[in-house]
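Protein chains in written order, with numbering that gives the first Met the number 0: chain V, 0 to 488; chain D, 0 to 97.
Keep in mind that the hints are not guaranteed to be accurate.
[Stated by the list, open to error] To give a feel for the contact side, a few chain D residues facing chain V, derived at Cβ under 7 Å:
#1 A16
#2 L48
#3 A55
#4 G57
#5 P71
#6 I77
#7 L81
#8 S82
#9 V87
#10 L88
#11 R94
These are calculated hints, taken from the structure and not from any lab test.
Glycine included, each C-beta is placed from N, C-alpha and C at the ideal position.
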Amino acid sequence: MPRRARASTPASTGKAAASGLKKVPTGITGLDEITLGGLPFGRTTLVTGGPGCGKTLLGMEFLVQGARQFDEPGAFIAFEETAQELTENVQSVGYGLEPLLKSGKLMLDYIRIERSEIEETGDYDLEGLFVRLAHAIDSIGAKRLVLDTLEVLFAGLKDHGILRAELRRLFRWLKDRQITAIVTAESAPDGKLSRHGIEEYVSDCVIALDHRISQQISTRRLRVVKYRGSSHGANEYPFLIDDGGLVVFPITSLGLDYGAPAGHIASGVAGLDEALDGRGFFRGSSVLITGTAGTGKTSVAAQFANATCARGQRCLYFSMEESPDQIVRNMRSIGMNLAQWRKRGLLQLHSARPTLHGLEAHLATVYRAVSLFDPQVVIMDPLTGLSSVGSDREVTAVITRLLDFLKAQQITALFTTLVSMQADPEHSDVGVSSWMDTWILLRTLELAGTRRRALYVIKSRGMSHSDQIHELKFTSRGIRILPGSAVSP
Amino acid sequence: MNAPENPERWQLRLYVAGQTPKCLVAFANLKRICEEYLTGQYDIEVIDLLQTPALAQGDQIFAIPTLVRKLPEPVRKIIGDLSNTERVLVGLDIRRLP
Numbered sequence: 000m001p002r003r004a005r006a007s008t009p010a011s012t013g014k015a016a017a018s019g020l021k022k023v024p025t026g027i028t029g030l031d032e033i034t035l036g037g038l039p040f041g042r043t044t045l046v047t048g049g050p051g052c053g054k055t056l057l058g059m060e061f062l063v064q065g066a067r068q069f070d071e072p073g074a075f076i077a078f079e080e081t082a083q084e085l086t087e088n089v090q091s092v093g094y095g096l097e098p099l100l101k102s103g104k105l106m107l108d109y110i111r112i113e114r115s116e117i118e119e120t121g122d123y124d125l126e127g128l129f130v131r132l133a134h135a136i137d138s139i140g141a142k143r144l145v146l147d148t149l150e151v152l153f154a155g156l157k158d159h160g161i162l163r164a165e166l167r168r169l170f171r172w173l174k175d176r177q178i179t180a181i182v183t184a185e186s187a188p189d190g191k192l193s194r195h196g197i198e199e200y201v202s203d204c205v206i207a208l209d210h211r212i213s214q215q216i217s218t219r220r221l222r223v224v225k226y227r228g229s230s231h232g233a234n235e236y237p238f239l240i241d242d243g244g245l246v247v248f249p250i251t252s253l254g255l256d257y258g259a260p261a262g263h264i265a266s267g268v269a270g271l272d273e274a275l276d277g278r279g280f281f282r283g284s285s286v287l288i289t290g291t292a293g294t295g296k297t298s299v300a301a302q303f304a305n306a307t308c309a310r311g312q313r314c315l316y317f318s319m320e321e322s323p324d325q326i327v328r329n330m331r332s333i334g335m336n337l338a339q340w341r342k343r344g345l346l347q348l349h350s351a352r353p354t355l356h357g358l359e360a361h362l363a364t365v366y367r368a369v370s371l372f373d374p375q376v377v378i379m380d381p382l383t384g385l386s387s388v389g390s391d392r393e394v395t396a397v398i399t400r401l402l403d404f405l406k407a408q409q410i411t412a413l414f415t416t417l418v419s420m421q422a423d424p425e426h427s428d429v430g431v432s433s434w435m436d437t438w439i440l441l442r443t444l445e446l447a448g449t450r451r452r453a454l455y456v457i458k459s460r461g462m463s464h465s466d467q468i469h470e471l472k473f474t475s476r477g478i479r480i481l482p483g484s485a486v487s488p
Numbered sequence: 000m001n002a003p004e005n006p007e008r009w010q011l012r013l014y015v016a017g018q019t020p021k022c023l024v025a026f027a028n029l030k031r032i033c034e035e036y037l038t039g040q041y042d043i044e045v046i047d048l049l050q051t052p053a054l055a056q057g058d059q060i061f062a063i064p065t066l067v068r069k070l071p072e073p074v075r076k077i078i079g080d081l082s083n084t085e086r087v088l089v090g091l092d093i094r095r096l097p
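All chains should be modelled from the sequences, with the hints used to inform the complete structure.
Here it is, written out as C-alpha cells:
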C-alpha cells in the first residue's frame, strides 16, 4: 500500500527524536505527521468527540495498524459494543479483524456495565477491571490498548469519586507496564473537551474529533489539543473514514521546494504543442484552461488524458459535472476511445458532485486517489465546481495545497474553470491563475455569421509560447488547432 | 425464622482480589447478612481473581468486591463492601418478614 509508506517522513521521526520523547507511530496516514511521530510511548492518549465522530474507529485503526505494520499486538476493551458487534461494525470500513484475532495480534474484550443491574453499597475499587486488563494484555503480549469508552463507566457507577481515583490509578498502571493506550470519552455539549473532565488526568496527549455540518455538507476534523513535551500541528485537520479505514490529511501547504523537471509532456491536441514552444507542457507543471460554456474545455482535457494513456502513462480524471460513462460517450464523438484506457487500467475517471463532500474532504479524496493510483497526469474538470462548497478564500487555500501536493509528486496537472460570459475572460473565477504555469484561454468568436472556437495561450512559464489566436477545430478524429491568426478576418 | 418463604437455595458468589481489607469486610458482612436472613439456605462461593483472572469475564466483573446472586434468578449484582445492610437486602431482593 503506497499511501501507508508515505505516513512517516524522515522529517517527522527526526523531530520526535530531537524532543527526547519516545513515540509510537499509529500507522494512521496523516496522524503521525501531525503528531510528529505518533502517540507518546507508554502513556495514555485521550480521544474525545461527540457521538459518531469516529472515536472507536480511530482506536481500532491504532490497533490494526500497530499489528499489521509494526507487529505490536493490541487489546481492545469495549464497554459499549460486544466483540461481535465491533467486528461487524469495523468490517464495513474495511478492517477484517478475523486474521488478526486468530493470529493473536489482536484481542477484543467486552465489559458490560449496566447500571440497572448493579447496586452499590460501601467501598469498592475497580480491581476487577485491572485484572481483566492485565489478563487481556498478558494473553497476547499487548503493547497497545484501547478503552472505549469511559463514558460507560461514568454512566454505570454512581460513585464518581472512586471512579476518578481509579482512573488515575489506571493511567499510572498502564504507564508502569509501558502500554501505549487510547481512551475515548465524549465531548460535552458546552464545548468542554469531555463531560467528566477526564482531560485533567490524561495530561500527555489529547486529541479532539469533530463532525461538523456546514451548508449541509459534513466534514470530519481532528485536532491535537495538547501533547506534552512535543510540538505538534495545531490546526484542525480533516479526516476521512471510508472502506480503506481512517485517513487524516495534514494538508498544510507543502511549500515551494519541489524540483522542476525539465522534460515535456505532449498535450495531445494537434497543433497545441507547436504553440507551446513546439514541445507541449512541462512535465510536473500545472495547466489551467479557462473558457465560457461550450468552448471545449472538457474536450481539450480529455484529449490530454487520451494522449497520456496512449503513451502508456496513467491519468486520473476528476469530473465534477459528468459521469464517467457520459464522458466516455461524448468523447467518442470526436474520435477518442477512452473506454480502452479504462479497461487497461491507465485511466481512472472519478465523478462526484462537489457538494457530496466538503472542500477539505474533496482534497482528501484527491490526495488519496493520487496516492493509490500513482498517476503521471491529474485532471480536474472543472475546478470551479469547488466554489459551490466553500468561500473563495477556502477554495484558494485548498487549490494551493493541491497544486503543491501534485508538484511535489511531479505530476502534471490540468484544471479547467468556467468563466461566465459577462466576466472578463482573462479573469479566472477562483483567482488561481497566477499559480498556474500555463494558462490557456478558450473562447468563441463570431465571425462572418458563424461561431468559431478560439484558443490562445495567455502564459506559459519558461517557454516562448505562441502569442496568436488559434482556431480550435473539432473533428471526428480528435481536436486540433490551426496555425496562428486563422480566425482573423 | 426470618428466612423468606422461597424454598430454593441461594447461590451467592463473591468476587475478591486478594485478602484486601475491603474484601475481608465484604465477606464478613455477607456472612452476617446471610446468617440472619437466609439461614441454612445459602451457599457462598468466593472467587479470588488474582488466582483465576479468567473468571472475571463470565460474570462481567469490573469492580471489587462484587457479590453476584446466581440463584434465584435473575442474576443480580452488588458492588462494594456490603456495609449497608439495607441496600444489600434490596439489592439481593430479600424480603424482610415483619
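Verification of the hints:
1. This hint holds: A16(D) has a C-beta 4 Å from the nearest C-beta of chain V, less than the 7 Å allowed.
2. Interface restraint check: L48(D) against chain V, minimum CB-CB distance 4 Å, threshold 7 Å, status holds.
3. The interface hint given for A55(D) holds, since its Cβ lies 5 Å from the closest Cβ of chain V, which is under the 7 Å cut-off.
4. A least Cβ separation of about 11 Å between G57(D) and chain V goes past the 7 Å threshold, and the interface hint is therefore violated.
5. Given the 7 Å rule on beta carbons, the hint for P71(D) is violated: about 15 Å separates it from the nearest Cβ of chain V.
6. Annotation: interface hint on I77(D) holds; nearest CB of chain V at approximately 4 Å, less than 7 Å.
7. Using the Cβ-Cβ criterion of 7 Å, the hint placing L81(D) at the interface with chain V is satisfied: the shortest such distance is roughly 6 Å.
8. The restraint placing S82(D) at the interface with chain V holds, with a minimum CB-CB distance near 4 Å, inside the 7 Å limit.
9. Taking 7 Å as the C-beta cut-off, the interface hint given for V87(D) holds, the closest approach to chain V being about 6 Å.
10. For the restraint placing L88(D) at the interface with chain V, the shortest Cβ-Cβ distance is roughly 10 Å, beyond the 7 Å limit, so the hint is violated.
11. With its C-beta approaching chain V no nearer than about 16 Å, R94(D) sits outside the 7 Å limit, and its interface hint is violated.
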